[in-house]
Amino acid sequence: MIKHKHLILMVLIGVFLQACDKISDKNNIVEDQKEKSSDFVPPMGPYGLPYSVGRFGGKSVNLGEEVSADYEVCPVWEWSKTELECRPKPKRNYDSIINFMTFKIRYTDGALLVTYIKAPQAAALQKEYLVQNLNSDNPWVTVFAYAGNRYLKDGNMQVLLERYVRSNLQNNENPDKYYLDIYIKTDQIQNGLQKYIPHPKWIFNSGYKNTKDLYIYVDKSQSSRTTIIHCRNHPLTKICEQSFIMEPDMKVFVQASFSRNHLKDWRLIQEKVKKNILSFVVKK
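Here the numbering used here is used: the first residue of the sequence shown is 3, the next is one more, and so on.
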């Protein structure tokens, strides 16, 4: 009995010391960033405010008022009062890792939606956005991009393919229970995309409007150039979500949402989104 208590005590001490090491490591990272940023002055953006700066997907970036972003260390959107090492909020520099950004782009002309009042185009763009966003032909694309500790594991799109394409009822112990997100390959190629439809059991249990169609593109010469698109079948929310990575240019995983009416333009949408993210990279 005494030996068991001694063993438990040793395990608890080990866990405590490991937690202390993690806190110490985080404190060291924060202090290191504060030291590097003490004399750093971020460049000014076009609207009279300094850029949000950092390192995103392996590249130094300047982000204007069109983009919302967050950081690995002392995140802005998850800032907690318990994180005393993050108070005051540290200044950022090009060593500060950005792990997330989001913005809206009109893919037909590449315009970024900006709401900052001093941006000369803000009023007109907001008015156009509010009108166009109500239409089924809405050309605006909502972009979420992830890097750093939020990047797709190993940058491997094959993991997602395994989950969606190669999943089937035979792989489950109870095929009558598992049916969500099970797709069946069709003989249809639409706009260069292989189409998959929801399994009949998924439709039966959830109703067709609560399912999604799946579209896949895989570049046979380079498997990393894989695009996965989910399109909702609900008549009131006909939205597609397109997923891809930006390697070798940047280690960034992108999810872009747009009206299903524009599925035929998926290549153009992907091109415009990538072009805009690359435009944030600091020119050497």
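These are computed hints drawn from the structure, not numbers from a lab.
In this text, all values refer to a predicted model and were calculated from it rather than measured experimentally.
Each residue gets a CB set at the ideal place from its N, CA and C atoms; glycine is no exception.
Please note that a few of the clues may not be correct.
What the hints assert, rightly or not - Pairwise CB distance ranges, derived in the manner of DEER restraints: (1) Glu273 - Asp183: 26 to 34 Å; (2) Tyr118 - Gln196: 27 to 35 Å; (3) Met46 - Arg269: 14 to 22 Å.
To be verified - No farther apart than 30 Å at their CA atoms in a straight line, the calculated lysine-lysine pairs in the BS3-like style are these: (4) Lys61 - Lys120; (5) Lys285 - Lys120; (6) Lys129 - Lys253; (7) Lys286 - Lys93; (8) Lys240 - Lys285.
Hint by hint, here is what the structure shows:
{"no.": "1", "hint": "Glu273 - Asp183: 26 to 34 Å", "in the structure": "28 Å, holds"}
{"no.": "2", "hint": "Tyr118 - Gln196: 27 to 35 Å", "in the structure": "42 Å, violated"}
{"no.": "3", "hint": "Met46 - Arg269: 14 to 22 Å", "in the structure": "35 Å, violated"}
{"no.": "4", "hint": "Lys61 - Lys120", "in the structure": "28 Å, holds"}
{"no.": "5", "hint": "Lys285 - Lys120", "in the structure": "25 Å, holds"}
{"no.": "6", "hint": "Lys129 - Lys253", "in the structure": "34 Å, violated"}
{"no.": "7", "hint": "Lys286 - Lys93", "in the structure": "22 Å, holds"}
{"no.": "8", "hint": "Lys240 - Lys285", "in the structure": "38 Å, violated"}
When held up to the earlier numbered hints, the structure conflicts with 2, 3, 6 and 8 and fits the remainder.
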